[in-house]
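Student: Spelled out from the first residue to the last, the chains are:
There are 2 protein chains.
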Amino acid sequence: MPETKTIEIKEDIIVDQKDIAGKVNKILSDKKIYAVNVMGGAGSGKTSTIIEIIKTLRERNIHVAVIEGDLESDIDTKTLQKLGVEAYQINTFGNCHLNAVMIETILNKLSMTEKSVLFIENIGNLVCPVEFDIGEHLRILITSITDGSDKPYKYPYAYQKTNAVILNKYDLKDHIDFDSSFYDKGIKAINCVAPLFRLSCRTKDGIKEMTDWFIDKFTIFLNSK
Amino acid sequence: MPETKTIEIKEDIIVDQKDIAGKVNKILSDKKIYAVNVMGGAGSGKTSTIIEIIKTLRERNIHVAVIEGDLESDIDTKTLQKLGVEAYQINTFGNCHLNAVMIETILNKLSMTEKSVLFIENIGNLVCPVEFDIGEHLRILITSITDGSDKPYKYPYAYQKTNAVILNKYDLKDHIDFDSSFYDKGIKAINCVAPLFRLSCRTKDGIKEMTDWFIDKFTIFLNSK
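The listed protein sequences derive, respectively, from chains A and B. Under the numbering used here, the first residue of the first sequence carries the number 1, and numbering increases by one thereafter. Under the numbering used here, the first residue of the second sequence carries the number 1, and numbering increases by one thereafter.
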């Protein structure tokens, strides 16, 4: 028989992340702010993709804010601020994903303009962020063609739990070995709904198809509220 | 005053990972098996780097075994087995890192040849695996030039807790924007000891410098036992 120990549980510090995510989602939904959780491995091009979408949103006078998640540094936040984008930094100092509580703490800093878009760039990690709802309306997974065509098989959860897959750095396709049909087959086997956009944030090839899709999703969101 | 609850703690399921890591390290050390924890983001080229080192070890008739860590799939294990390498698969099904208990369970399957090398390829993730000692003697961090020059600043822990940094896919340097001095400066600021190897597993440029270094480290290990 194992020893019985007594532990004091302080109920008030037990946070239900799902409840907080629901609360964040409701606050943003009520304001018609479209929250987009941008996930992907380190260096896949999350910030670059966000910047490309922002360019399109600006042409339509749609306000944008960005929350940048990083273990350390504020490199991307500064890049965005230099472009005149409302951007906030969350540093997790080792924590491998953003959570809804972190997002909630930023909400009162946001300008909260109605009918706007809030990008939340998660920690660069194809594994952990996938499991955490942070109050978003849409998920985008950014991947890089240089990471190889076997990624959907090795990291299926990330590909499964997204509304779209972006295959970035497509301009490098002639300089690497990448089996497109193997990659496509891997995604289709686990997510037959999410569109796949092959593009290059560097050369801008393929950007328009992706931003058109994004505008459609945002329009549907606004019309549903 | 918070409510007091009683919880039964079964001592036998509380595993001290550090103790197990120490145990694994001792078993391998006693057999003069050099355990190498290979870390890096998804698609950085961990398996490709291991294969390049194996080629050099084989020329010296040094036996090698590999433990492959993946969320799912056994693609890399099959690749290694086709090359005649003793390889074992650990699937974590969502868990973001390997731990010492997982390694311990494989030990009795290993051929355990004396004066050999055991590569342990961790889950593709620049964040979580860094925190866990799995009984290794050496850590190698594999990074890709296509991930950008800001990575040491954004993921400092991975660069800090490694014995060497490999900058893979260096053959693509003329096709991308990569600030070498910014990257080098970032590493030197947090890890002035680990050598940096710029190489390409695809073209084989730079491989020899890295494998020479590895052989030196392995020789020092054998002579210290």
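Hints may contain errors.
It does not matter which identical chain is used: a pair holds within one copy or between any two.
[Said to hold, decoys possible] Result set (DSBU-like, lysine-lysine): computed pairs, CA atoms no more than 35 Å apart in a straight line: (1) Lys-161 / Lys-173; (2) Lys-31 / Lys-185; (3) Lys-115 / Lys-173; (4) Lys-188 / Lys-26; (5) Lys-82 / Lys-185.
Rather than coming from a laboratory, the hints here were simulated on the basis of the structure.
Student: Tell me, please, which holds for Lys-115 and Lys-173 at an alpha-carbon limit of 35 Å: within, between, both or neither?
Tutor: neither (37 Å within a copy, 42 Å between copies)
Student: Go through the copies and call it for Lys-188 and Lys-26: within, between, both or neither, with a Cα cutoff of 35 Å.
Tutor: Answer is within; shortest intra-copy Cα gap is 32 Å, inter-copy 45 Å.
Student: At 35 Å max between alpha carbons, let me know whether Lys-161 reaches Lys-173 within a copy, between copies, both or neither.
Tutor: both (26 Å within a copy, 33 Å between copies)
Student: 35 Å Cα cut-off: does Lys-82 pair with Lys-185 within a copy, between copies, both or neither?
Tutor: between (40 Å within a copy, 23 Å between copies)
Student: At most 35 Å between C-alpha atoms: does Lys-31 with Lys-185 qualify within a copy, between copies, both, or neither?
Tutor: Neither: 39 Å inside a copy, 44 Å across copies.
Hints 2 and 3 from the earlier list are contradicted by this structure; the remaining hints agree with it.
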